[in-house]
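A.B. asks: Sequence:
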Amino acid sequence: MDTKSNKKSLSNMVYRDLKDKILKNKLLPGDKLIEMEIASKLDVSRTPVREALKKLEKEGLVTSFPRKSYIVSKISVKEAKNLYIVRKSLEPLCVELLAEKGLTEKTKYFEKVNEDLRLAIENDEEELAQNLIIEWNMALVKSLNNEILIEVMTMVNKRLYRFGNFIFRNKENYQRHYENLQKIYNLIEEKKPEEAREASERTIEAIYEMFEEQADYRMFRK
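Position one of the sequence shown corresponds to residue 1 (the working numbering), numbered consecutively onward.
It should be emphasised that the hints constitute simulated quantities derived from the structure, not laboratory data.
Keep in mind that the hints are not guaranteed to be accurate.
Here are the simulated distance ranges between beta carbons [stated by the list, open to error]:
id : residue 1 : residue 2 : range
1  : Lys112    : Glu212    : 28 to 38 Å
2  : Lys112    : Val77     : 14 to 24 Å
3  : Glu172    : Thr104    : 32 to 42 Å
4  : Lys74     : Asp17     : 12 to 22 Å
5  : Glu213    : Ser69     : 28 to 38 Å
6  : Glu125    : Arg46     : 18 to 28 Å
In silico DSS-like links for lysine-lysine, alpha-carbon gap of 25 Å or less [unchecked claim]:
id : residue 1 : residue 2
7  : Lys8      : Lys41
8  : Lys192    : Lys106
9  : Lys58     : Lys81
10 : Lys171    : Lys74
11 : Lys24     : Lys41
12 : Lys41     : Lys54
13 : Lys58     : Lys158
14 : Lys101    : Lys142
15 : Lys41     : Lys21
16 : Lys108    : Lys183
17 : Lys88     : Lys74
18 : Lys74     : Lys55
19 : Lys158    : Lys112
20 : Lys74     : Lys19
21 : Lys106    : Lys191
22 : Lys21     : Lys108
23 : Lys101    : Lys112
24 : Lys21     : Lys8
25 : Lys55     : Lys24
26 : Lys21     : Lys171
Note that CB positions come from ideal geometry on N, CA and C, so glycine has one too.
Please take these sequences and the hints and turn them into a complete structure.
C.D. replies: Below you can see the structure in the form of structure tokens.
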């Protein structure tokens, strides 16, 4: 591997490591990111760290300050609210459309994710359960085979990923949310579209309430 390719590979490795930690809230909003410390922990020079931080800044995940210092970007309360408004408009529609048909051959992956989630909750596998809760929503949408809905909801859920991980780091929250998801799942299975839609709307409202309850405003910006 030539020197240029090696530098790019190291930069990508640092970028993926930091991004994963930010999205999973292992690095919290407001945490300082010091080039020298990161370089030492990952056993690289400061150059790939600097390149990775610049890339993360473009994605809005880190914020830079004079003298080349960085912090993990604070979460935007306004963005969270706007995303949940969009989600509340579209996800209950997806639930209703799916409940009209019930569980079919096209919902096999959705059923599998639901079962995997049940097992993760039963076995107290917290990180896996958190990831599966987020995957549950996309598996639901993909079952509809509607490319436009999939595209829009993928974008919304991708941007909500960080918020979701923030909310569901609280065990009580993800267990309560799991119970709500099972109510929706059962109503889909029973082909009760109106009730399923209403349950979905209540669930999304409950998620945003969890978000507000969890809010430590040192970690948030308006």
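A.B. asks: Each hint needs a verdict: does it hold in this structure or not?
C.D. replies: So, going through the hints one by one against the coordinates:
A C-beta distance of roughly 33 Å is found between Lys112 and Glu212, which places it inside the suggested range of 28 to 38 Å. Hint check: Lys112 to Val77, Cβ distance near 35 Å, so the stated range 14 to 24 Å is violated. The beta-carbon spacing between Glu172 and Thr104, approximately 34 Å, falls within the hinted interval of 32 to 42 Å. Look at Lys74 against Asp17: about 21 Å separates their beta carbons, and that is inside 12 to 22 Å.
Restraint check, Glu213 to Ser69: a C-beta distance of roughly 31 Å satisfies the suggested window 28 to 38 Å. Separation of Glu125 from Arg46 is about 37 Å and departs from the stated range, judged on CB atoms against 18 to 28 Å. Between Lys8 and Lys41 the CA atoms are separated by roughly 18 Å; this keeps the pair inside 25 Å, and the hint holds. Straight-line distance between C-alpha atoms of Lys192 and Lys106 comes to about 18 Å, which keeps the hinted pair within the 25 Å bound.
The straight-line distance between the Cα atoms of Lys58 and Lys81 is roughly 22 Å, inside the 25 Å bound, and the hint therefore holds. The hinted pair formed by Lys171 and Lys74 meets the criterion: a straight-line CA distance of about 22 Å does not exceed 25 Å. At most 25 Å may separate the alpha-carbon atoms for a hinted pair to count; Lys24 and Lys41 meet this at roughly 19 Å. Taking the CA atoms of Lys41 and Lys54, the gap is about 19 Å. The hint holds against a cut of 25 Å.
A distance of roughly 16 Å separates the Cα atoms of Lys58 and Lys158; the hinted pair therefore holds under the 25 Å criterion. Proposed proximity of Lys101 and Lys142 is supported: the alpha carbons are some 14 Å apart, at most 25 Å. For the proposed pair Lys41 and Lys21, the alpha carbon gap of about 14 Å is at most 25 Å, so the pair holds. Of the supplied pair hints, the one linking Lys108 and Lys183 holds, its CA atoms being roughly 18 Å apart against a limit of 25 Å.
Using a Cα cut-off of 25 Å, the hinted pair Lys88 and Lys74 holds, with the two alpha carbons roughly 24 Å apart. With a CA separation close to 17 Å, the supplied pair Lys74 and Lys55 stays within the 25 Å bound. Proposed proximity of Lys158 and Lys112 is supported: the alpha carbons are some 21 Å apart, at most 25 Å. With a C-alpha separation of about 14 Å, the suggested pairing of Lys74 with Lys19 holds against the 25 Å cut-off.
Taking the CA atoms of Lys106 and Lys191, the gap is near 15 Å; set against the 25 Å cutoff, the hint holds. With a CA separation close to 31 Å, the supplied pair Lys21 and Lys108 exceeds the 25 Å bound. Taking the CA atoms of Lys101 and Lys112, the gap is near 18 Å; set against the 25 Å cutoff, the hint holds. Between Lys21 and Lys8 the CA atoms are separated by roughly 20 Å; this keeps the pair inside 25 Å, and the hint holds.
Distance hint between Lys55 and Lys24 is fulfilled; the C-alpha atoms sit about 18 Å from each other, no more than 25 Å. With a CA separation close to 19 Å, the supplied pair Lys21 and Lys171 stays within the 25 Å bound.
Of the numbered hints stated above, those contradicted by the structure are hints 2, 6, 22, listed in ascending order.
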